[in-house]
Structures are given as structure tokens and as C-alpha cells.
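Start from the sequences, fold in the hints, and give me the full structure.
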Amino acid sequence: MSKVLLEIQGLRKQYGIVEVLKGVDCTMREGEVISIIGSSGSGKTTMLRCINMLEDFQGGHIRLEGEEIGYEHSGSSRRRKSEKEIARQRALTGMAFQQFNLFPHMTAAQNVMLGLVKVKKMSHDEARVLAEKWLDRVGLSARADTYPGQLSGGQQQRVAIARAIAMAPRLMLFDEVTSALDPELVGEVLQVIKALAADGMSMLLVTHEMRFAYEVSSRVIFMNQGVICEEGDPKEMFAKPRTERLAEFLKTSSFN
Amino acid sequence: MMDLSAFLDQIWIARLAILKGLGITISISALSIIVGSLLGVLVGLSLVYGNRALRFVVRVYTDFIRGTPVLVLVLASYYVLSTIGIDLGPFQAGVFALAVFCSSHVGEIVRGGLQAIPKGQTEAAKAIGLTFNQTFAYVLWPQALRQILPAWVNTAAEMVKASTLLSVIGVAELLLRTQEIISRNFMSLQFYFLAGFLYFVINYGIEQFGKYVERKTAVPS
Chain U
1 MSKVLLEIQG
11 LRKQYGIVEV
21 LKGVDCTMRE
31 GEVISIIGSS
41 GSGKTTMLRC
51 INMLEDFQGG
61 HIRLEGEEIG
71 YEHSGSSRRR
81 KSEKEIARQR
91 ALTGMAFQQF
101 NLFPHMTAAQ
111 NVMLGLVKVK
121 KMSHDEARVL
131 AEKWLDRVGL
141 SARADTYPGQ
151 LSGGQQQRVA
161 IARAIAMAPR
171 LMLFDEVTSA
181 LDPELVGEVL
191 QVIKALAADG
201 MSMLLVTHEM
211 RFAYEVSSRV
221 IFMNQGVICE
231 EGDPKEMFAK
241 PRTERLAEFL
251 KTSSFN
Chain W
1 MMDLSAFLDQ
11 IWIARLAILK
21 GLGITISISA
31 LSIIVGSLLG
41 VLVGLSLVYG
51 NRALRFVVRV
61 YTDFIRGTPV
71 LVLVLASYYV
81 LSTIGIDLGP
91 FQAGVFALAV
101 FCSSHVGEIV
111 RGGLQAIPKG
121 QTEAAKAIGL
131 TFNQTFAYVL
141 WPQALRQILP
151 AWVNTAAEMV
161 KASTLLSVIG
171 VAELLLRTQE
181 IISRNFMSLQ
191 FYFLAGFLYF
201 VINYGIEQFG
211 KYVERKTAVP
221 S
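Chains as they are written, first to last, in the UniProt record's numbering: chain U, 1 to 256; chain W, 1 to 221.
A hint or two may mislead.
[As the list claims (entries may be wrong)] 30 Å max Cα-Cα, derived BS3-like pairs, lysine-lysine:
no., chain 1, residue 1, chain 2, residue 2
1, U, K240, U, K194
2, U, K3, U, K240
3, U, K120, W, K211
4, U, K84, U, K120
5, U, K121, U, K133
6, W, K119, W, K211
7, U, K251, U, K84
8, U, K81, W, K119
9, U, K22, U, K251
10, W, K161, W, K119
11, W, K216, U, K194
12, U, K121, W, K161
13, W, K119, U, K22
14, U, K120, U, K3
15, W, K20, U, K84
16, U, K81, U, K3
17, U, K81, U, K133
18, U, K194, U, K120
19, W, K119, U, K118
20, W, K216, W, K161
21, U, K3, U, K235
22, W, K119, U, K133
23, U, K84, U, K3
24, U, K133, U, K120
25, U, K3, U, K251
26, U, K22, U, K120
27, W, K216, U, K118
Since the hints were derived computationally from the structure, they do not count as laboratory data. All of these numbers come straight from a predicted model, not from anything done at the bench.
Here's what the structure looks like:
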């Protein structure tokens with residue numbers, strides 16, 4: 001078995017008095033592709049966002065390759081790490097968002113290059129070569145000098161994925177990356193993710209595409225009301241859900 | 001026909017006064033726009049990124065200034081500041097008042113420009129490991145600037161118009177010069193029209209420049 005990449009222990013997160021994550025435990029190994037499913041409000045997106053500290057969390061541990069993410073622990077007290085340190089840790093993971101969030105004032109290539117030049121301190125030329133390589137990988141080499149506003153949703157999302165992947169993250173996080181897309185554009189984005197999975201990229205995907213989760217995931221996590229309710233091999237889980245909640249969820253979701 | 005040649009005659013006689021007035025008007029406007037915009041950017045940044053106390057103080061400042069007529073600000077900085085030991089000449093006092101006025105407006109424009117940027121932009125920047133300063137410099141500010149530009153051009157034109165108020169405290173800018181000329185030759189209609197035309201030319205220039213920059217920096221879509 002490959003070595004442990006991500007370890008989440010007793011992760012708790014609350015907004016005011018509302019508890020969104022009530023102690024999530026999860027271990028992920030290198031090269032695994034895990035889909036997180038569950039109804040909205042179950043905490044799956046929040047969990048993803050805690051991993052790269054887009055959300056603060058109040059309890060528990062997240063470790064990436066053994067490195068404590070976000071907080072310094074000493075005894076029973078904890079302190080948020082410095083912004084600089086958190087920025088460094090964020091670069092260890094890549095993230096693709098539901099709304100793409102490309103920088104609209106930069107071309108596709110410039111979007112990919114920004115992190116390479118400013119975070120990885122590459123020269124402009126090195127970054128350009130790498131950007132072109134990754135844009136080619138997502139099938140957009142001809143669009144390198146196009147602005148996001150001139151691209152379709154599916155193309156924008158592919159650029160956004162290239163932007164994240166080019167940073168050579170240890171782990172890719174996908175947050176409902178196809179939810180904002182027209183149905184006919186979903187396929188091209190899923191194709192890109194499939195190719196990454198085939199390359200052995202470690203990926204954590206929050207998704208509503210049950211068919212896709214079924215096909216690409218090595219494991220599926222079903223979240224419900226802030227905890228992991230059930231997890232396992234997608235084929236077993238979808239065929240024979242062990243919990244009532246998952247059975248119900250699968251019945252109401254588009255998978256059948 | 002007589003009238004026109006008499007008018008042109010008078011313009012020739014008053015040419016130096018008009019040019020001097022125009023020069024003063026342009027320097028007042030340029031100085032107050034530059035100083036006011038620099039201050040305004042600080043005001044805007046404080047409103048968006050400042051801590052509670054700073055935000056509160058700056059908010060009171062902008063609301064107070066924006067709620068006060070510019071003429072009152074001009075009179076106050078000339079007559080009131082001297083009573084507390086800050087003795088400014090009419091030109092400095094006037095520019096000070098206009099710059100303060102400009103800063104509150106630019107501050108609001110900058111705040112609006114920054115806050116109009118979707119949250120996802122900051123998140124995407126963070127996600128690739130940019131620090132806050134980098135995020136601001138490469139992602140937020142360039143987008144905010146494009147948003148800010150049209151309203152800023154508008155404010156700049158307002159400042160040119162507001163510069164006429166300095167005539168009240170005896171700054172010999174274009175309007176006061178014009179009034180002086182009229183008091184000599186009584187051609188009020190013609191010379192007020194001339195002054196109006198010159199203000200229009202300045203503001204038209206500013207507006208065209210703004211449109212040019214807007215075109216140059218537009219993001220293709």
C-alpha cells in the first residue's frame with residue numbers, strides 16, 4: 001500500500017452556533033481518488049475548504065504528508081499559523097472551484113503562470129513553457145492567449161484545473177467543478193479529471209455526478225449532517241448501501 | 001459684427017489675465033486631484049481592510065466630508081484653520097479643502113471597486129499560495145482599477161468645477177479673473193461664456209483621456 005498522504009482527525013468546524021463538521025476522520029493514501037458525496041449542507045464542501053485553510057476550523061487535526069495544516073498545537077492550546085506559512089501550505093494543494101474563479105484580466109496562460117512566477121519563483125520563460133504544457137494537456141493549447149471572458153464555461157474550468165495542476169500540488173481538491181456548467185460541457189471537464197486520475201494524481205472531489213464518482217473513484221465518502229456516514233468501494237456502496245441515509249440519498253440522486 | 005471684433009479686442013487685451021487664471025485653475029485642479037486621489041486610495045483601503053477602529057474613524061471622516069458642501073470646506077480651511085494656528089494662504093487652503101473633498105469621494109469609489117470583486121478571486125489566489133500582498137497587487141488591484149476608472153474621471157471633472165469656489169477666498173483662478181475682466185469691460189455675457197467654454201474644454205479633455213485609458217485597459221470578452 002502507498003503511504004499516507006492526508007490524515008484528518010476529529011475535524012470540527014462551526015459557524016457561530018451552527019456546527020457544520022462534527023468530528024470528521026479520514027485517511028487518504030497517495031494516488032487515491034476519493035469522491036465525497038452527500039446532500040447540500042452535509043459539510044462536504046466545508047471539509048474540502050478546511051484542507052487548504054480557506055475555512056478556519058475549531059477542532060481536530062489535518063495533516064498533509066505528516067505536516068500539521070493551519071494550526072500550531074502545544075499541549076491543549078492551538079494557534080493559527082502565520083499567513084506566510086499558511087500561504088506556503090496552501091501551495092501544497094491545488095483547488096478547482098465551482099465558479100472557476102479565473103482571473104479575468106489575465107489570459108489563460110497568464111492565469112497559469114501567476115503562481116509559478118510569484119510562488120514558485122520561476123522565470124517568466126520557464127513558467128510560460130510549463131503553462132503551455134498544461135494548457136495543452138487540458139486541450140487548450142490554441143487558447144493560451146485568450147482571456148477567460150472569451151472562453152466557454154467548460155474551457156474556463158479546464159484552464160482553472162491547469163492553473164492548479166501546474167503548481168505540482170501533492171493533492172488536488174475539486175469543489176463541484178461541473179455544477180455551474182451546461183450539461184453538454186460537463187463531459188470535457190470530467191475527461192480532464194479522468195486523465196489526471198490515470199496519471200496517479202491524488203484527488204479529493206466533491207461532486208454531484210454520481211455516475212462519475214462511480215467510475216473514477218477508488219473510494220467514496222458519503223457525508224451526512226457533518227459526519228462521514230459511510231465510506232468504501234463505490235461499486236459495493238452504490239449496489240448495497242449499508243445505511244438507510246445513503247440508500248435514500250442514492251434514490252433521490254441522479255444515479256441509477 | 002462690431003460686437004464680435006470688440007469682444008476679440010477685449011480678449012486680446014485680457015489674454016494674460018485669462019491665461020494666468022486658466023493656469024491657476026489647472027494647477028488647483030491637478031494638485032487637488034493628485035493629492036486627493038492618493039489620500040483617497042488610503043481611505044478606500046482603510047475602509048476595506050482596516051480593523052474595526054480604523055474603519056470607524058475613516059467612515060466618520062468620509063461621511064462628514066461628503067455631507068458638507070465644498071464651499072463650506074473651502075471657507076473653513078481658509079478662515080477656521082488659521083484660528084488654530086495653521087496659517088495657509090488662500091491657494092494652499094483652497095487646494096487643501098478640495099483635496100480633502102476629493103479624498104472622501106475617491107475613498108468611496110475605491111472601496112466600492114474592491115468590494116465589487118467576487119470573493120472567489122481572493123480564494124483562487126489564496127489557493128495557489130499567493131500571500132495577501134501578492135493577491136492584492138496582482139489579482140485585486142488591477143481589477144479594481146478598471147472598475148474605478150469611470151467614476152474617478154467623473155470625480156476629477158467635479159474637482160475642476162469645484163475649483164471655481166476658490167474665487168470666494170480670493171484665489172485668482174479663471175472665474176475670479178473673468179469677473180475682474182467683466183468689471184472693466186462689462187461684457188458679462190461674452191466673458192462668462194468664454195470661461196464656461198474653457199472649463200468645458202478642460203473637462204472634455206479629462207473625459208476623453210479617461211475613455212482612452214478605459215479602451216486601452218479593457219479586458220476582451
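Hints, one by one, checked against the model:
1. For the hint linking U/K240 to U/K194, the alpha-carbon distance of about 25 Å falls within 30 Å, and the restraint holds.
2. Taking the CA atoms of U/K3 and U/K240, the gap is near 29 Å; set against the 30 Å cutoff, the hint holds.
3. Our distance criterion of 30 Å between C-alpha atoms is broken by U/K120 and W/K211, whose separation comes to about 37 Å.
4. With a C-alpha separation of about 14 Å, the suggested pairing of U/K84 with U/K120 holds against the 30 Å cut-off.
5. Taking the CA atoms of U/K121 and U/K133, the gap is near 18 Å; set against the 30 Å cutoff, the hint holds.
6. Distance check on the hinted pair: W/K119 and W/K211 sit about 28 Å apart at the alpha-carbon level, within 30 Å; holds.
7. A distance of roughly 45 Å separates the Cα atoms of U/K251 and U/K84; the hinted pair therefore is violated under the 30 Å criterion.
8. The straight-line distance between the Cα atoms of U/K81 and W/K119 is roughly 22 Å, inside the 30 Å bound, and the hint therefore holds.
9. Straight-line distance between C-alpha atoms of U/K22 and U/K251 comes to about 25 Å, which keeps the hinted pair within the 30 Å bound.
10. Distance check on the hinted pair: W/K161 and W/K119 sit about 37 Å apart at the alpha-carbon level, beyond 30 Å; violated.
11. Between W/K216 and U/K194 the alpha-carbon distance is near 40 Å, which puts this suggested pair outside the 30 Å criterion.
12. A C-alpha spacing of about 48 Å is found between U/K121 and W/K161, which places the hinted pair above 30 Å, so the restraint is violated.
13. Between the alpha carbons of W/K119 and U/K22 the distance comes to roughly 26 Å, so the proposed pair stays at or under 30 Å and holds.
14. With a CA separation close to 26 Å, the supplied pair U/K120 and U/K3 stays within the 30 Å bound.
15. With a CA separation close to 54 Å, the supplied pair W/K20 and U/K84 exceeds the 30 Å bound.
16. At most 30 Å may separate the alpha-carbon atoms for a hinted pair to count; U/K81 and U/K3 meet this at roughly 26 Å.
17. Using a Cα cut-off of 30 Å, the hinted pair U/K81 and U/K133 is violated, with the two alpha carbons roughly 34 Å apart.
18. Between U/K194 and U/K120 the alpha-carbon distance is near 26 Å, which keeps this suggested pair within the 30 Å criterion.
19. Taking the CA atoms of W/K119 and U/K118, the gap is near 21 Å; set against the 30 Å cutoff, the hint holds.
20. Proposed proximity of W/K216 and W/K161 is supported: the alpha carbons are some 27 Å apart, at most 30 Å.
21. At roughly 24 Å between alpha-carbon atoms, U/K3 and U/K235 fall within 30 Å of each other, so this suggested pair holds.
22. The hinted pair formed by W/K119 and U/K133 meets the criterion: a straight-line CA distance of about 29 Å does not exceed 30 Å.
23. Between U/K84 and U/K3, the direct Cα distance comes to roughly 28 Å. Compliance with the 30 Å bound is thereby established for this hinted pair.
24. Proposed proximity of U/K133 and U/K120 is supported: the alpha carbons are some 17 Å apart, at most 30 Å.
25. With a CA separation close to 35 Å, the supplied pair U/K3 and U/K251 exceeds the 30 Å bound.
26. Using a Cα cut-off of 30 Å, the hinted pair U/K22 and U/K120 is violated, with the two alpha carbons roughly 36 Å apart.
27. As the CA atoms of W/K216 and U/K118 are separated by approximately 25 Å, the hinted pair is consistent with the 30 Å bound.
Hint check: violations occur at hints 3, 7, 10, 11, 12, 15, 17, 25, 26; the rest are consistent with the structure.
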